[in-house]
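Novice: Full structure from sequences and hints, please.
2 protein chains.
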Amino acid sequence: MSTAARQRTPATEALRAIQGPVRERLELVVHEMHRIVSSELPMIEQVSAHLLRMRGKMFRPTLTLLSSSVDGDPDPRGIRLAAVVELMHLATLVHDDSVDHSVLRRGLPTVNSLFSHQVSVIMGDFLYTRAHAALVEVGDLEFLRILTGVANELTIGEMRQLGAVEGLEFSEDDYFALIRSKTAVLLSAACETGALCGATRYRSALARYGELLGMAFQIADDILDYTSESAVTGKPSGLDLREHKVTLPLILARPHLPAASRARVEELFATEAPDDQLISDVVAIVAEAGGIEKAHQQGERFAQQAEEALDPLPDSPVRSALTDAISYVLDRRS
Amino acid sequence: MSTAARQRTPATEALRAIQGPVRERLELVVHEMHRIVSSELPMIEQVSAHLLRMRGKMFRPTLTLLSSSVDGDPDPRGIRLAAVVELMHLATLVHDDSVDHSVLRRGLPTVNSLFSHQVSVIMGDFLYTRAHAALVEVGDLEFLRILTGVANELTIGEMRQLGAVEGLEFSEDDYFALIRSKTAVLLSAACETGALCGATRYRSALARYGELLGMAFQIADDILDYTSESAVTGKPSGLDLREHKVTLPLILARPHLPAASRARVEELFATEAPDDQLISDVVAIVAEAGGIEKAHQQGERFAQQAEEALDPLPDSPVRSALTDAISYVLDRRS
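Same order as they appear, the protein sequences are chains A and B.
By the working numbering, the letter at position 215 of the first sequence is numbered 291, and the numbering carries on one by one without gaps.
By the working numbering, the letter at position 57 of the second sequence is numbered 133, and the numbering carries on one by one without gaps.
Hints are computed from structural coordinates only; laboratory data are not their basis.
Incorrect hints may appear among the rest.
Identical chains blur together in the list; that is why a pair holds if it fits in one copy or across any two.
The calculated lysine to any residue pairs, modelled on SDA-like cross-linking and capped at a C-alpha distance of 25 Å, are [unchecked claim]:
#1 Lys321 <-> His193
#2 Lys321 <-> Pro334
#3 Lys321 <-> Ser189
#4 Lys133 <-> Leu244
#5 Lys133 <-> Glu245
#6 Lys133 <-> Ala363
Specialist: As structure tokens, then:
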């Protein structure tokens, strides 16, 4: 399948296969999300409808439902938990887009661009608090401990992200702390809360799997910025570089840069609005210094550890789906 | 005391008297707030320190502590609850200022103006989720039910506020729904959660008192916009009118406006950036039509009901302080 064709498909075939064991329950999660955010206020209904249309691949709810099914019959609370996890994710996307002044998300206008900056700040708060209220209704403090901690960690991740901008001294450890906070903790919680809905004895294994999967997920995402061709220019988008965000490929390339390349990289970070040529040069510099390859290897290491984390689980189609989710994360193109 | 002198005093003498019975515990609340928001991330520490410096009158924590003390010995959890309530309030102020692009709050620069819009969105989320995590640690679902519901209602209030802009058909009922959502529910929760920390049998009385107090509080606040003299111009600030926000004085004046006055009001709402003369004319029109006086009367009605809500409580210095809080709310100048 060509890259372009993959990008047009909302859920790749690989993802559809992973979702196979929980397909019907995923539909229930979508209904539950609608129920949780329903409001009598027309403005809120309008924004919610837009957001639920832009709903993504439902990757996190898939992890919750799969995790809840690894040990036989899942607990029906898994539907609610999966919906809460996805709504928390959606709330962070709405605030991220507002913070970044993004215009498009998943091919649809962002809330800040379609409505206003005001509406996006308020709507992010609405989604988060409504999801949290649905969680309180479940009446189990353990879920609240996990997901409230994660919600706070996500905000710390956002704050770390600000530090990853303009910071050429941003280290590998800083980067791992960042992606753990902004991505891995939520994937870990998606799996851990799932485990608490029917597979309690695999709780720590699944929490660890989710965290490592999340690390691999974010590294793959950051590599894509250096490798995936933009539909418009046919060149790597380099959006992170454009915004002066330092990610793993650059960090791993840095010690190996000849003086001239280093100077060009420094030029990019000293330029407020770097042009396409500068971006494209730095992408090439990072690739030549082996930064992309080394980042791939690091992603593979996390993937390998994620697979090992699944060792205690019994063999089943659900376990296979969780294993396939690792390759999906590494291979995805969008 | 002159208006200017009052505005320079962070807590008026009246408020100091109200806080008398809980003064020492209020200090503990301040320590608890610092503890809850502490972070190893320097950026978060820096913003938190600024926010805790701009800390207001601690009116909501005062209500929580007083409520916890109406029936004898208060439960020590009241300190935590009071801190959580104030941090939730602070989180909403940070997002409000971000949404409104406000520059000053309580005489200090807002987070969005001192740091950035990004930092203010993230920091509001940080404060809210950290406060919530502290609440989860308390381990009592009833507090979570009350305060998660309130947190969501506050976002609905913010959304209603957007509808109160440019909406000359905004009705008295719309206004009451707005101020209940944006103000009264949190004051009610401050009192109700306080009651649950030592005065459970007065829970519903105190919840009702807090809600009615909150209604009176917001009406008084909205009247101030028509009456309090700006330190700079010596005229009413009319900030709400400047932003096309419709509040009670205008709503109650509307049915009594002669055609020429009505036209002038409509002109204001049709003008993107109304000048001082137009603002000042509309303030005078609303005053002449009795809008301010009628709004005062409505505030007094809520105040009267708030006082009646205290009827079941035993006589004590704490009850007197709660009664005095009603006059304080009606009389305050800033």
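Novice: Tell me the numbers of any earlier hints that the structure contravenes, in ascending order.
Specialist: 4, 5 and 6
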